[in-house]
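Peer 1: Sequence:
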Amino acid sequence: MKPEVQATLASALQYAREMKAQRVANLRIYLAHAEGVVAGLEDTGALTGKEAGEWKKKVWVLADEPAKRSGRVRRPTSRLPKPITGFIRLIPGPHDPEPLLDGFMRIVATELFQDRVRIHWHLSPLPSHEAVLSDDLKELDGDTEGLDEDSREDQRFSARLIRLHRLLRFSASDDLGTKYRCFRGGSGGSVDRGELGGVADFLPGLPTDASSLVIGVHDAKFTIPLR
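If you number the sequence shown the way the working numbering does, the last residue is 227 and the count never jumps.
Please keep in mind that the hints were generated in silico from the structure rather than gathered at the bench.
The reader is advised that the hints may include incorrect statements.
Derived BS3-like pairs: lysine-lysine, alpha-carbon spacing no greater than 30 angstroms straight-line [what the hints assert, rightly or not]:
hint, residue 1, residue 2
1, Lys-2, Lys-58
2, Lys-58, Lys-20
3, Lys-138, Lys-2
No experiment lies behind these values; they were computed from the predicted model shown.
Using the sequences and the hints given, assemble the complete structure.
Peer 2: Here you go:
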């Protein structure tokens, strides 16, 4: 089997694992895609019948295993509110970072607007492949066994980044019990250098008599005094 063929198979199977981890409504579509990649490569002669059978078994095993992670599938919002630009004030974030898996997250600052709350966050160092992918890393490394180490690391890097972006879902609450909804966000930075940063916007605006805001993301939690 050529290295590029193995890399293609590993990528297709890992994508199916990621969809399973997200508990998509119809996993069969993604399993069928992975199995179709195997069949297509077999038809072109890139895989022997025996090799194709081994990879199909991996797909079938994935279909039989229960999903190991919970998570909501984010659905597109048909209507987003029109932004109001009324800036109120900026609150510096807590000085100390909090662990996120085996990395560290900081809330750099919180901006209060008339209609929303915006947080600025920074993640550095990033959580490791092992922490983000858990048991799936063993499966992925098994799929890429025999490839050169640079190709294997590319597969790990891509899988970790996809999973990490799914884990970075922020929540907000305050001492008054306000129901906040995260409706917009973005991120950037240098993953190669081990850091990411971004913003997350919440609706509605903060009540004037709230005294504290709590920001959560995965296993990290930050309490921001407002007075």
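Peer 1: A separate judgement is required for each hint: does it hold in the structure or not?
Peer 2: Hints versus structure:
1. In summary, the hint linking Lys-2 to Lys-58 is supported, as the alpha carbons are separated by about 19 angstroms, within the 30 angstroms threshold.
2. With a CA separation close to 14 angstroms, the supplied pair Lys-58 and Lys-20 stays within the 30 angstroms bound.
3. With a CA separation close to 21 angstroms, the supplied pair Lys-138 and Lys-2 stays within the 30 angstroms bound.
In terms of the numbered hints stated before, the structure departs from none.
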